[in-house]
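Spelled out, the chains give:
There are 2 protein chains.
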Amino acid sequence: MVCMLSIKGQVCSGIKAAGLKLRFCTNETQATREEFVKKLQGLGFDISVAEVTAPAPAACRILKERGLRPHLLVHNDLVPEFAELDKANPNCVVIGDAAENFTYANLNEAFRVLIGMEKPVLISLGRGRYYKETDGLKLDVGAYMKALEYACDVEAEVVGKPAKPFFESALAEMGVPPEQAVMIGDDIVNDVGGAQQCGMRAVQVRTGKYRSVIECVEVVSFSMTNFTPASILIFSSNALYLPSGLKCRALSQ
Amino acid sequence: MVCMLSIKGQVCSGIKAAGLKLRFCTNETQATREEFVKKLQGLGFDISVAEVTAPAPAACRILKERGLRPHLLVHNDLVPEFAELDKANPNCVVIGDAAENFTYANLNEAFRVLIGMEKPVLISLGRGRYYKETDGLKLDVGAYMKALEYACDVEAEVVGKPAKPFFESALAEMGVPPEQAVMIGDDIVNDVGGAQQCGMRAVQVRTGKYRSVIECVEVVSFSMTNFTPASILIFSSNALYLPSGLKCRALSQ
Numbered sequence: 000m001v002c003m004l005s006i007k008g009q010v011c012s013g014i015k016a017a018g019l020k021l022r023f024c025t026n027e028t029q030a031t032r033e034e035f036v037k038k039l040q041g042l043g044f045d046i047s048v049a050e051v052t053a054p055a056p057a058a059c060r061i062l063k064e065r066g067l068r069p070h071l072l073v074h075n076d077l078v079p080e081f082a083e084l085d086k087a088n089p090n091c092v093v094i095g096d097a098a099e100n101f102t103y104a105n106l107n108e109a110f111r112v113l114i115g116m117e118k119p120v121l122i123s124l125g126r127g128r129y130y131k132e133t134d135g136l137k138l139d140v141g142a143y144m145k146a147l148e149y150a151c152d153v154e155a156e157v158v159g160k161p162a163k164p165f166f167e168s169a170l171a172e173m174g175v176p177p178e179q180a181v182m183i184g185d186d187i188v189n190d191v192g193g194a195q196q197c198g199m200r201a202v203q204v205r206t207g208k209y210r211s212v213i214e215c216v217e218v219v220s221f222s223m224t225n226f227t228p229a230s231i232l233i234f235s236s237n238a239l240y241l242p243s244g245l246k247c248r249a250l251s252q
Numbered sequence: 000m001v002c003m004l005s006i007k008g009q010v011c012s013g014i015k016a017a018g019l020k021l022r023f024c025t026n027e028t029q030a031t032r033e034e035f036v037k038k039l040q041g042l043g044f045d046i047s048v049a050e051v052t053a054p055a056p057a058a059c060r061i062l063k064e065r066g067l068r069p070h071l072l073v074h075n076d077l078v079p080e081f082a083e084l085d086k087a088n089p090n091c092v093v094i095g096d097a098a099e100n101f102t103y104a105n106l107n108e109a110f111r112v113l114i115g116m117e118k119p120v121l122i123s124l125g126r127g128r129y130y131k132e133t134d135g136l137k138l139d140v141g142a143y144m145k146a147l148e149y150a151c152d153v154e155a156e157v158v159g160k161p162a163k164p165f166f167e168s169a170l171a172e173m174g175v176p177p178e179q180a181v182m183i184g185d186d187i188v189n190d191v192g193g194a195q196q197c198g199m200r201a202v203q204v205r206t207g208k209y210r211s212v213i214e215c216v217e218v219v220s221f222s223m224t225n226f227t228p229a230s231i232l233i234f235s236s237n238a239l240y241l242p243s244g245l246k247c248r249a250l251s252q
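In order, the protein sequence lines correspond to chains A and B. Here numbering that gives the first Met the number 0 is used: the first residue of the first sequence is 0, the next is one more, and so on. Here numbering that gives the first Met the number 0 is used: the first residue of the second sequence is 0, the next is one more, and so on.
A portion of the hints provided could be inaccurate.
Put simply, identical chains are the same to the list, so a pair is met inside one copy or across any two.
Unchecked claim - SDA-like, lysine to any residue: derived pairs with alpha carbons at most 20 Å apart: (1) K131 / E154; (2) K37 / D76; (3) K15 / G43; (4) K137 / V112; (5) K137 / M116; (6) K137 / T102; (7) K137 / N100; (8) K38 / L21; (9) K63 / E156; (10) K137 / N105; (11) K137 / V175; (12) K15 / G66; (13) K15 / G198; (14) K137 / V153; (15) K37 / R111; (16) K137 / R111; (17) K38 / H70; (18) K20 / V36; (19) K131 / A104; (20) K137 / E117; (21) K118 / L136; (22) K137 / D152.
Everything labelled a hint here was simulated from the structure, so no lab data went into it. If you're wondering where the values come from, they're calculated on a predicted model, not measured in any experiment.
Okay, chain A solo, but in the shape it has when bound (with noise of 0.2 Å):
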């Protein structure tokens, strides 16, 4: 079978038509999960928040199981994923792509908190280094993490992509090996040498992250080749926002 994949709305009720499982790993880390599957919605993409993988609520559960207090240094509108947890004398530090939250004054106040701890604990939400948006490329969350890191002389605990623990807990969620499961994305760390540090398949696909190929729009293609019809795809956030409608061919027996 022959499963033509247009990644542009129909991709999700295309995927489930041909009856694969399917997963949204992000490392969105500006919105909550409502907000970003509203986002997804908009654009027509039948998706809920219970088939997304993010850093937040991974970020979450580890705090709670250590007894972890965080400081934020997050964007404004990811606070909401943090609402339930103790925030008052900070034992731990937890960084996002803050964005315009990446003040000197905020970036300050994150290392005098970790610096301040006998044993600092640095928690991110991912390792990118960098992005791009409609008024150019910026830096991701990565650069500021090491920043901290080096001023600190601590290494992060990073708990989205490409973070192993991160991929096996969306496979876990969907009770699927990694031999069965394809990860498809744009970023070559993140997405594609994470999944396949997990023993996953990976296929990189080319957005306008890469500056070599930015008005490029490819089509990729890959051999499902002895994938069994619950094998699930698992889609990077990224590779779903491509300006005009990169198409998958995924090819399966």
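Given the coordinates of chain A, work out where chain B should sit on it, guided by the hints.
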């Protein structure tokens, strides 16, 4: 001869009276050398611009030699040091301790200049992790350097301490071999480590920079056995800004 030096104003004349040469090696990048010297003169130090080795002039020499046009991410007060350089159509980024200029917009702009180059050139006026001001600890240039290094997958060329060429240039300007020089500073990496890599001896004093000794004013002793009267003492500027007259006991034959 025992030479007692109270590092409080009289230090320069005391050293000079003892027949020792003197140099100030500073990573100060929040002011021009003129302003830096004026500040120290105001504190009673007998010091001239010609006695100061600082990163910005060193960077200017490198930029001129290599025909580089800098995009500056530095403190406003440091900009005059780069007045003579062509800054149109930049082909490198120079980063200093920009303090309040470390905004989200300015960091993204510096990043875009770098990532737009075929082979990004990042020159950093130091690699300090953090420093202390009256209103608390602050991230130093090294942290922001690491952020840009990571985002652009590039290694910065560090011009200030602890770079070996920086100390070598100070020694060359004085015409003194490293084994006859003593570095006195408060930073174990930038001052002590850098000087030792050049074959100099080094003395670490303790200032408010170190959390465990914030309130501590220590007497630091070192022996000047085997040093000739022409030996030089190289001071880190931080070693001069001591709250209550840290004493430095210099023992010579």
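Cross-check of the supplied hints:
When the C-alpha separation of K131 and E154 is checked against a cutoff of 20 Å, the pair qualifies neither within a copy, at 26 Å, nor between copies, at 23 Å. In this assembly of identical chains, the alpha carbons of K37 and D76 lie at most 20 Å apart only when taken from the same copy (14 Å versus 47 Å across copies). Proximity of K15 and G43 under a CA criterion of 20 Å is satisfied intra-copy only: 14 Å inside one chain copy versus 78 Å between copies. For the identical chains of this complex, K137 and V112 are inter-copy neighbours only, at 11 Å across copies versus 25 Å inside a copy, given an alpha-carbon limit of 20 Å.
Proximity of K137 and M116 under a CA criterion of 20 Å is satisfied inter-copy only: 16 Å between copies versus 30 Å inside one chain copy. Within a single copy, K137 and T102 get their C-alpha atoms as close as 14 Å, and across copies as close as 13 Å, so both meet the 20 Å cut-off. In this assembly of identical chains, the alpha carbons of K137 and N100 lie at most 20 Å apart whether taken from the same copy (13 Å) or from different copies (17 Å). With identical chains, the CA atoms of K38 and L21 are at most 20 Å apart within one copy only, with a shortest distance of 18 Å there and 65 Å across copies.
Taking identical chains as interchangeable, the C-alpha atoms of K63 and E156 lie at most 20 Å apart only when both belong to the same chain, with a minimum of 15 Å there against 42 Å between chains. For a Cα distance limit of 20 Å, the shortest separation of K137 from N105 qualifies both inside one copy, at 18 Å, and across copies, at 11 Å. When the C-alpha separation of K137 and V175 is checked against a cutoff of 20 Å, the pair qualifies neither within a copy, at 35 Å, nor between copies, at 47 Å. Taking CA atoms no more than 20 Å apart as the test, K15 paired with G66 passes in neither setting, with 39 Å inside one copy and 59 Å between copies.
In this assembly of identical chains, K15 and G198 lie within 20 Å of each other by CA distance neither inside one copy nor across copies; the values are 23 Å within and 69 Å between. Proximity of K137 to V153 under the C-alpha cut-off of 20 Å is restricted to the inter-copy arrangement: shortest distance 17 Å between copies versus 24 Å within a copy. Taking the shortest Cα distances, K37 and R111 never come within 20 Å of each other, neither inside one copy (36 Å) nor across copies (31 Å). For the identical chains of this complex, K137 and R111 are inter-copy neighbours only, at 8 Å across copies versus 25 Å inside a copy, given an alpha-carbon limit of 20 Å.
For the homomeric pair K38 and H70, neither the shortest alpha-carbon distance inside one copy (28 Å) nor that between copies (37 Å) is at most 20 Å. In this assembly of identical chains, K20 and V36 lie within 20 Å of each other by CA distance solely inside one copy; the values are 17 Å within and 69 Å between copies. Proximity of K131 to A104 under the C-alpha cut-off of 20 Å is restricted to the inter-copy arrangement: shortest distance 14 Å between copies versus 25 Å within a copy. Within a single copy, K137 and E117 get their C-alpha atoms only as close as 33 Å, which misses the 20 Å cut-off; across copies the closest is 18 Å, which meets it.
For a Cα distance limit of 20 Å, the shortest separation of K118 from L136 across copies, 17 Å, qualifies, whereas the shortest one inside one copy, 34 Å, does not. Only between protomers do K137 and D152 lie at most 20 Å apart by alpha-carbon distance; the minimum there is 15 Å, versus 25 Å within a single protomer.
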